[in-house]
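Undergrad: Next come the chains, spelled out residue by residue.
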Amino acid sequence: MNRERIEEFLYREADLLDRPDLDSWMNLFAESGTYWMPATEDQKDPINHISHIYDDRVMMEIRRRNFIHPRASSKEWEVRCSHVIGNIRFLPEAEEEVITITSNQHVAVWYRDEQRLYACRVTHRLQIDGEDFKILEKRVDLINSEAPQQSLIIYL
Amino acid sequence: MIRPISVDRFIVETWSFRLKGAPDSMLQRTLLYSRLINSAMGMVGPDDLEVYRRAQEGLASPSNEWVEFHRQYGKDEQRGDRTVGGGTSDLDMRTQYQAWQAYMEGTIFNEVKNA
Numbered sequence: 000m001n002r003e004r005i006e007e008f009l010y011r012e013a014d015l016l017d018r019p020d021l022d023s024w025m026n027l028f029a030e031s032g033t034y035w036m037p038a039t040e041d042q043k044d045p046i047n048h049i050s051h052i053y054d055d056r057v058m059m060e061i062r063r064r065n066f067i068h069p070r071a072s073s074k075e076w077e078v079r080c081s082h083v084i085g086n087i088r089f090l091p092e093a094e095e096e097v098i099t100i101t102s103n104q105h106v107a108v109w110y111r112d113e114q115r116l117y118a119c120r121v122t123h124r125l126q127i128d129g130e131d132f133k134i135l136e137k138r139v140d141l142i143n144s145e146a147p148q149q150s151l152i153i154y155l
Numbered sequence: 000m001i002r003p004i005s006v007d008r009f010i011v012e013t014w015s016f017r018l019k020g021a022p023d024s025m026l027q028r029t030l031l032y033s034r035l036i037n038s039a040m041g042m043v044g045p046d047d048l049e050v051y052r053r054a055q056e057g058l059a060s061p062s063n064e065w066v067e068f069h070r071q072y073g074k075d076e077q078r079g080d081r082t083v084g085g086g087t088s089d090l091d092m093r094t095q096y097q098a099w100q101a102y103m104e105g106t107i108f109n110e111v112k113n114a
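So the sequence lines, in the order shown, correspond to chains A and B. Each residue of the first sequence is one higher than the one before, counting from 0 in numbering that gives the first Met the number 0. Each residue of the second sequence is one higher than the one before, counting from 0 in numbering that gives the first Met the number 0.
No lab work stands behind these hints: they were computed from the structure. Think of the CB as a built atom: it goes at the ideal place given N, C-alpha and C, for glycine as much as any other residue. Do not take every clue at face value.
Unchecked claim - Stretch by stretch, here's where chain A covers chain B in the computed footprint (C-beta under 8 angstroms, at least three residues):
#	segment
1	9-20
2	23-33
3	45-59
Claimed, not checked - Sample of chain A residues facing chain B (criterion: CB under 8 angstroms; computed from the structure):
#	residue
4	Ile46
5	Tyr53
6	Ser72
7	Gln149
Generate the whole structure from the sequences, applying the supplied hints.
TA: Take a look at the structure:
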């Protein structure tokens with residue numbers, strides 16, 4: 000698999016979250032695509048353990064609408080992010096037409112008069128879709144996943 | 000559970016229980032609820048926390064010495080052994096502070112002691 004194309008995809012995804020442009024970002028996901036941020040290290044599954052977030056496309060759509068809702072008090076503040084992606088690695092994949100990549104990501108988030116820094120290991124399971132990709136799963140493991148977190152209104 | 004840290008900081012903790020003998024779907028449903036409602040990335044939590052924070056900032060303002068708990072005051076309904084207020088009533092806050100005052104003034108303590 001062409002490494003450059005995959006890096007390009009990860010950068011494009013990060014760009015959409017940096018702005019943020021959730022409408023376009025959501026469309027990078029397959030219909031069955033999910034976004035998961037576990038609340039413990041090495042969490043086995045998102046169903047039988049608590050997570051910070053585990054969204055399917057339906058939940059992403061609800062969030063996308065809520066993001067610009069005039070009466071959602073937490074959304075009155077602008078949010079802007081800056082993703083830096085590194086340490087990109089390919090994992091062996093049993094299925095055909097599917098690629099699994101891990102990367103380290105540092106995300107600076109500007110929200111509510113404050114700049115924060117999140118550090119995470121991100122796992123993308125991608126479906127090859129012609130020249131492009133669709134996200135089957137995006138898993139974000141924060142290095143401080145067990146710590147109390149402040150409100151986070153944007154996907155990392 | 001809201002765990003106070005200092006005068007202007009607290010941690011919200013969520014506890015989910017797996018009941019003995021209950022189907023897995025019960026645990027899965029309570030976890031789903033916590034993710035959607037209580038989580039720092041929930042659909043409700045961030046809006047609630049924003050309101051708490053605004054209330055805290057309002058309290059830090061010197062413009063009003065009093066915190067008002069008068070919503071639906073005088074409209075409580077007596078139903079046998081209980082008093083019922085409407086959904087937006089401050090009845091529970093008034094009751095809580097009345098109890099606190101009674102504890103602080105020792106009236107409850109004296110009632111128990113003299114009983």
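Undergrad: Taking a Cβ-Cβ distance under 8 angstroms as contact, does the segment 23-33 of chain B have three or more residues in contact with chain A?
TA: holds (count 5)
Undergrad: With chain B as the partner, please determine if A/Tyr53 meets the hint condition of a C-beta pair closer than 8 angstroms.
TA: Holds, about 6 angstroms.
Undergrad: Have a go at the A/Ser72 hint: is there a Cβ in chain B nearer than 8 angstroms to its own Cβ?
TA: holds (4 angstroms)
Undergrad: Does A/Gln149 pass the interface check with chain B, least Cβ-Cβ distance below 8 angstroms?
TA: A/Gln149 check passes; min Cβ-Cβ to chain B is 6 angstroms, inside 8 angstroms.
Undergrad: If you look at each residue in the segment 9-20 of chain B, do at least three have a Cβ nearer than 8 angstroms to any Cβ of chain A?
TA: holds (count 4)
Undergrad: Count the residues of the segment 45-59 of chain B whose Cβ falls closer than 8 angstroms to any Cβ of chain A, and tell me whether that reaches three.
TA: The restraint on the segment 45-59 of chain B holds, since 6 of its residues have a Cβ under 8 angstroms from chain A and three suffice.
Undergrad: Could you check if A/Ile46 really has its C-beta closer than 8 angstroms to a C-beta on chain B?
TA: With a minimum Cβ separation of about 5 angstroms from chain B (threshold 8 angstroms), the hint on A/Ile46 holds.
In summary, the structure agrees with every hint in the numbered list given earlier.
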